[in-house]
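> In case you want the letters, here they are:
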Amino acid sequence: MKHKLSIVILLQCLYFIAFSQDSLHTETNDNAIEEIVVTATKTATKLEKSTVPLSQIVQKYIKATGSIKLADLLLEQTGIQLSTFLGTGVQLQGLSAEYTLILLNGEPIVGKNAGVVDLSRIVVSNIKKVEIVKGPVSCLYGSDAMGGVINIITEDAGKLRNSVDYSVQYKTPAILTNSLFASFTKKKVSFENSITHNFSNGYQTNKETIYKEGSPYNDFTINNKLTVRVNDNWQTGIGFKYYFLKLKNVDEITNDSNEVVVSNQVDKIHEFNFSPFVKFSKKNIVLNIRSYNSFYKSTSHILAENIDTDLYSDSYKQLFNKLEAQLDYSKNGHVFTAGAGGFYTFVKSNRNIDKITQHQEFIYLQYQYDWKNRIMFNVGNRTDFPNDFKIQWISPKASARFNINKYFAIKVSGGRGYKAPDIRQQYLNFTNTLVGYSVFGANVAVQKLEELERLGDTVIYSIPKDRIKPLSPESSWAFNAEVEIKPIPSKLTITANYFRNQIKDLIEAIPTAIKSSNNGLIYTYYNLNKVYTQGVEANISYQVIKNLNISVGYNFVEAKDYDVLKNIEDGKVFRRDPLTYETVRVTKKEYGGLLNRSKHSMNVKIYYENKKYDFNTYVRVIYRGKYGWSDLNNNQILDAKEEYAPGYVLLNFSFTKTFKDRYHVMVGLDNMLNKKLPQYIPSMQGITGIFGFSVNFLNNK
Amino acid sequence: MKKLFIIALSCAAFAACKKEEDKKVTPVTPLTAVLERDINASGARYQFYSIETGDTVPVTDSASTKWDIAFRSTTVLLNGGTSGPGQAGVIILDTLFNEVTTAPATGYAQDNALGKGIPTGSNNGWYNYAGDPTHTISPLAGKVFVIRTATGKYAKLEFISYYKGAPVAPNGVTDAGISRFYTIRYIYQPDGTTKLN
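Chains A and B supply the protein sequences, listed in that same order. Be aware that the first sequence starts at 1, since it is given in the working numbering, and climbs by one per residue. Be aware that the second sequence starts at 1, since it is given in the working numbering, and climbs by one per residue.
Do not rely on the hints blindly, as some may be mistaken.
[Said to hold, decoys possible] Quick look at which bits of chain B chain A covers, simulated, 3 or more residues with Cβ under 8 angstroms:
#1 87-98
#2 115-124
#3 159-169
Hint data in this document are derived by calculation from the structure and do not stem from the laboratory. None of these values were measured; they are calculated from a predicted model. Positions of the beta carbon are idealized from the N, C-alpha and C atoms, including for glycine.
So that you can see chain A by itself, here it is in the shape it has in the complex:
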């Protein structure tokens, strides 16, 4: 029977839990697990041998913060800035959120609203750790990994004991989370299941309106993994995930007859994915064949009383299928990796032209060498073939680590990353009937413009039509250099990393033509800007005494547009004082670079664990410096003081006490300084309480 089951699963085929590692199946030594990282190289590597900027958040700290959503957790990390435009996203090294690739167990999370995977969709309840690789050196993943990769690694069923955990948490003002986690291992079969339900009845900060700044919502996440070890060489399994969200809100609007009416917003998301894998390992060889299949559907509607048509209507469906095989061969410190695969995606959306299908194939090669634990290096390349084999996108990388002595190491890395033009940039078909402007994707713009002309509308071009071309991917070259100093090995570590990213062909929509019928502008997308980002990230981690850790992180970043700099140099950028009407030239010093980036940010964290009384406490201070908010004086750049949002400090505290090894009580206070910035961050609620309780029912050691 069991045999039959495994064959069925084998036939269904292929998935690879990115973390799954040979011969460690029953290993439960947390420290050993914490030191193994997988994201940068797609192979298991010891953290201390990593050649690229890499950090990780391990479960101990994830649990100690009391975070429910991944966004809350990432907010506290050095070098990460959140952006909340069209969903919560993550900026790394000064690159916008759409250049950060978010992986779940090594596979991309699909369903991007305007290019960003909304991190508030991801709950942390069963996350074992999060690995963060900065810069495009993890180009083996392909598109979108320009700024870096965040890989969320969930519990590995193959390595778990039998256990059942239940936890409940309440976060003021209005989020209740219930989660159940269970894992069982019997001989060759391991099964893991987690169910998380978040419920919020919403909250209001501005009581004068009926709109709720925190929308009421319900979401469910169900995660399953089944792993079967067929024999010493073969392993197979499958993962499933289902996510559902329903969000509601109300507002008041004025309709055409000048009456104030109530509008109702309803958003829904369904996401289902399954990911079978098969793995073969023997001596020096590991072969992984995995498939990842995801279906994502989101709808958003705003309807008003006494108005027939939707005020807003958006629907988006995406199907994504991927198959990938990877072979690793290792011998005497040499590791060769070769991989190949392809994916197919189907998108249907009311904003785009019809139904869109795309497929892409790819191959990658990587070679790593570890010379006597003194010098490690890694070279690799990935080549992508979008839609056909006529075009190739090449992403090479190289990195090295020099362990000078036990106190001092240097890491240097460089590579190329790219971001494929997204569906919207290629196929968007959007007309704002109220104002009369249109935005067309680059692949359909010519067709749509000719259609307008055929219908008798005169179109006046400000950019010649033959300049509209299929988009190239946005691409970057990056360089990172890091020093790692350990004045007191295994107690005190200081790292400082310099990074620079040169990004070109950034895709932007600009006016191309004007319809003479209504003077409506027509926008389409072009590969335009060149920008650079550079900065320094520094971290200090100090174990003062056993069980007391202090860490300090600092990040400096700037991100600037080359064209703007050139124009400023040429004296072509101006600013008018709205009071005196005097116009002045903007200086280079006044140019603040791209919006929504804090030049300075910092964090200090203190973690204390008391084994005798079985409690831990975790205090975090997060500083985010002022950041560009919006161009208020209309010169298209960030330059005036009032265009910045103010900086802020968050003080977060949590305390967890364990009773009888199985009952955990957690109390947290986030934002203890009661900081509120309603104009800039409506969701910043001031002081927030978190109360959690969890119990472990069964734990066979």
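Knowing the structure of chain A, use the given hints to seat chain B on it.
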């Protein structure tokens, strides 16, 4: 309508002013800048305006050379080419108002069948259109319009605001009711020379 704000040009540029005083240079009588507020361009017809007289011109004179420039919502006409019998044309410079001291002799663009001397459209001519969600129209800073008038004299002009009263931070949606009111600033050289300071 007739609210004329006279600004002595030499004092508008403070630094330059100080320098001149220090050097005790006796300047030729400086030209004065005119700040014309709230030209109403919200009607169905163009609002005609004479730079020479600093006043609006009735629509009945639209076929004459009595007007130099006309406004209707965001479109600006010059009295020349396809728009009128005059000689008006424009050269658009990316510079500061005070730095334009002489009008070029040639190169003036006139309204024609394909487009206007001062082009329409966001970032094409005199304004930027913010699009969603504010839809605000904002004059571009650092755009100086050197204008040859209907009668062949010279002036330099800049656009200050598209909203009545030139509010500090207009919003295209909430201030829609006060939009289409131009505030402009210009210096006119009546003697027919190209000197503009």
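> Does each hint fit the structure? Answer for all of them.
Results of checking the hints against the structure:
{"no.": "1", "hint": "87-98", "verdict": "holds (count 4)"}
{"no.": "2", "hint": "115-124", "verdict": "holds (count 6)"}
{"no.": "3", "hint": "159-169", "verdict": "holds (count 4)"}
Figure legend: structure checked against the earlier numbered hints; every hint is met.
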